[in-house]
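Enquirer: Could you put together the complete structure from these sequences and hints?
There are 2 protein chains.
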Amino acid sequence: MASAYHIKKRLRDGSVLLIDKLNKAGEGNTAKSAGMFRSFFYSRTNFYLADSSIEFYRHIEKSGFNLGMRWIGYLWLFGESQFKRIELALRKMEERGGLFTVYDKEELRDKLKVNIEAAESDVGKVMNLANIENGLFVPKAGKIDVEKLVEFYETEFRRMGGKVVYGAKVDRIVVEPKISLEIPGEPYFWQDCTVKGVRVHGRIIEAKKIIIATGVWSSELLDPIGVDSYSKPKKRQIFVIRADKNRLRELLYVDGFNRYNCMPFTILPEPRIYIRPDIDEETFWIAYADDFNRSFKLEEDPQPEENYYRYGIYPVLTAYFPQFIDSYPINAWAGLYAINTIDHQPVIFEENNLIVVGAASGSGIMKADSLGRIVAAVYFEEEEAELYGNRRFNVSDLGIKKRRVEREIFVI
Amino acid sequence: MASAYHIKKRLRDGSVLLIDKLNKAGEGNTAKSAGMFRSFFYSRTNFYLADSSIEFYRHIEKSGFNLGMRWIGYLWLFGESQFKRIELALRKMEERGGLFTVYDKEELRDKLKVNIEAAESDVGKVMNLANIENGLFVPKAGKIDVEKLVEFYETEFRRMGGKVVYGAKVDRIVVEPKISLEIPGEPYFWQDCTVKGVRVHGRIIEAKKIIIATGVWSSELLDPIGVDSYSKPKKRQIFVIRADKNRLRELLYVDGFNRYNCMPFTILPEPRIYIRPDIDEETFWIAYADDFNRSFKLEEDPQPEENYYRYGIYPVLTAYFPQFIDSYPINAWAGLYAINTIDHQPVIFEENNLIVVGAASGSGIMKADSLGRIVAAVYFEEEEAELYGNRRFNVSDLGIKKRRVEREIFVI
Chain Z
51 MASAYHIKKR LRDGSVLLID KLNKAGEGNT AKSAGMFRSF FYSRTNFYLA DSSIEFYRHI
111 EKSGFNLGMR WIGYLWLFGE SQFKRIELAL RKMEERGGLF TVYDKEELRD KLKVNIEAAE
171 SDVGKVMNLA NIENGLFVPK AGKIDVEKLV EFYETEFRRM GGKVVYGAKV DRIVVEPKIS
231 LEIPGEPYFW QDCTVKGVRV HGRIIEAKKI IIATGVWSSE LLDPIGVDSY SKPKKRQIFV
291 IRADKNRLRE LLYVDGFNRY NCMPFTILPE PRIYIRPDID EETFWIAYAD DFNRSFKLEE
351 DPQPEENYYR YGIYPVLTAY FPQFIDSYPI NAWAGLYAIN TIDHQPVIFE ENNLIVVGAA
411 SGSGIMKADS LGRIVAAVYF EEEEAELYGN RRFNVSDLGI KKRRVEREIF VI
Chain B
51 MASAYHIKKR LRDGSVLLID KLNKAGEGNT AKSAGMFRSF FYSRTNFYLA DSSIEFYRHI
111 EKSGFNLGMR WIGYLWLFGE SQFKRIELAL RKMEERGGLF TVYDKEELRD KLKVNIEAAE
171 SDVGKVMNLA NIENGLFVPK AGKIDVEKLV EFYETEFRRM GGKVVYGAKV DRIVVEPKIS
231 LEIPGEPYFW QDCTVKGVRV HGRIIEAKKI IIATGVWSSE LLDPIGVDSY SKPKKRQIFV
291 IRADKNRLRE LLYVDGFNRY NCMPFTILPE PRIYIRPDID EETFWIAYAD DFNRSFKLEE
351 DPQPEENYYR YGIYPVLTAY FPQFIDSYPI NAWAGLYAIN TIDHQPVIFE ENNLIVVGAA
411 SGSGIMKADS LGRIVAAVYF EEEEAELYGN RRFNVSDLGI KKRRVEREIF VI
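One line per chain: the protein sequences are Z and B, in this order. Take the first sequence: its letters are residues 51 to 462, numbered as in this note's numbering. Take the second sequence: its letters are residues 51 to 462, numbered as in this note's numbering.
The set of hints was computed from the structure by calculation and includes no laboratory data. No experiment lies behind these values; they were computed from the predicted model shown. A hint or two may mislead.
Treat identical chains as interchangeable: a pair holds within one or across any two.
As the list claims (entries may be wrong) - Below, computed lysine-lysine pairings styled on DSSO-like, alpha-carbon distance capped at 27 Å:
hint, residue 1, residue 2
1, LYS246, LYS347
2, LYS198, LYS74
3, LYS71, LYS451
4, LYS155, LYS134
5, LYS246, LYS175
Expert: Structural data, given as structure tokens:
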């Protein structure tokens, strides 16, 4: 939707058609996302993409379109050795202007009633938990209402004359020779060919350029034409706990971290389970992004696993935050990340007149605006994109041939 | 097989078991390969991997084990602008000791009776062919009998006490917690886990380390445990033309390129169709590696396409080499390349006690010995591998996290 918006905005009279197989934009994995954002990355690539997008979203809200942004901040909890490993990186980020506060363990214990000695218990030993030494709080971070964000782009896209077709599944991308010779099985490799359009319900919709921004479904469309999506799908699950006990309400409404007096988005030490507080609905969303042994698998309707909470998350969560003892999910769902397994950063490239954007690896929403602007720059065959806030970005940095992304240190 | 051989050679008393779902080693895509090798690459990564392997194969032959190596050389044909683009790279390769001869178009016409003005004809214009300006001949290159190469490794592997099991399809890789707590659905993400072994016909075969060297089938095994193979399968077809006409026999037995007085392995200008002469069976093997619009697809039994030769290869081939007019395949087959779409070079890494080697992108045979030695180095947890000829190679260069491969310019 962000790509469609930014292309249409610059095309003016040209026509842009957005096709979605679902009945509404943002109903796929966007709707299943935790909708978190942060402008705090070691990798300059990540930082530029996220920070510019977040600033644009802030600007949209200031213009009067509510995106439900809540600047609750991120709080990473660290064990002693973990924290030592990031100290040098932190110092560099500080020099670049990154804002953060380091809390010591006593402050964390007093504020959050977190168990800073989780490693000492029998359970903690079995699970290789860490004693908490420090907390890193980052204020320029929070959550956003993803549906409203999609709605903003859609409203503006339509207002400018952009067209949408929902419930329209693309069967395949149509490749044809530029000059047909009516040979059976065209195009052959010696023919200049072009991506003519897409086939939807047996009918071919033609376009000058085709943008594939279909997340985990990209491979299904791209594999048949021999183009890599550079991403693999992996299930991610979110479990919702209601703040229905006093001790949970106290945790939810903890003072001093942000203007809402709300618990920040909190990430445990290894294993990096996260807790996303929601003061609007008085719940906590709990999740963990497991890696090794979690299959790469494309599913139309991935399901959360009860045992994943019960035996995976619960014992770790309650070892650090005993407030969650005896609390079980009132709701849960699962979505798919489109993971770039090489460097976990997005990919944008053009091949013939096909533009591919994706592989955002779980941080697509917080980078969506920047990615949309870069896609528009590719569309207009520009070497540089201008992100929000007049920041210039080399389009080829997110491509494959001249890819240049900085490795990330803060991975959650 | 090369990995098994090199691990076994160094393990001595330790036991190494090789499992293959087919009834013999090398019966998969190895058997379908053109079996070509060259020690001429711009990329130092490619050069070291190939040159060391080729020198080892030469050494094996000198030791009395016939590998059917024929040093017929490679001949790339170039149009004027194409040749200009590689001249600087060629000069650098010459400085590094690369041996080659540049032929001019008249010499090529006189020797090979090649049509150096293919671009002029109507057909040539339609197909965007180039007039030939130069030929680049590389002598340290040729073909090898892949079955004999596999036989060498297998014989030696068995002689040292290595065991093989054929006709044994691995259903899945078995991951287990290091310490089982008998929780349903183990292992959970907070458990240290290990690759215990593989399941074959319902039975688990355990091993200290597991090496996955299954080419295009790697993703089938690795996706379920959430590990990327960094490769995608793409069909490649070979068509066999008998040298049954005088003009074809004259081309096959052309003088002056090599000691066999045989046509070199010849690569046409764009589209880079190749001609692999075979004086043993008096045939030419013809192929073209199509890219865009050729699907990524895993097939157990990929088939060659008659129209691919008739409408794809034939018109281009005969425009440059009219000797092939009215010649059609007496045989054809198809295999799958395991393509690394990022940099087209092999990948070797370990995750837990699982070692993955693959993504050789069509040059696995000419690099097999080096890859086997690097896998053995990973097995023994060494940072450097020693390739044949005492060449040191950084193991992490072919990994993912610290990957460092030089881009290739000579891609055919």
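Enquirer: It remains to establish, for every hint, whether it holds in the given structure.
Expert: Here's how the hints hold up against the structure:
Taking the shortest alpha-carbon separations for LYS246 and LYS347, only the inter-copy value of 22 Å comes in at or below 27 Å, while the best intra-copy value is 30 Å. In this assembly of identical chains, the alpha carbons of LYS198 and LYS74 lie at most 27 Å apart only when taken from the same copy (13 Å versus 59 Å across copies). In this homomeric assembly, LYS71 and LYS451 never come within 27 Å of each other (Cα to Cα): the closest approach is 31 Å inside a single copy and 36 Å across copies. Only within a single protomer do LYS155 and LYS134 lie at most 27 Å apart by alpha-carbon distance; the minimum there is 14 Å, versus 65 Å between protomers.
For the homomeric pair LYS246 and LYS175, the shortest alpha-carbon distance between copies (23 Å) is at most 27 Å, but the shortest distance inside one copy (59 Å) is not.
In terms of the numbered hints stated before, the structure departs from hint 3 and from no other.
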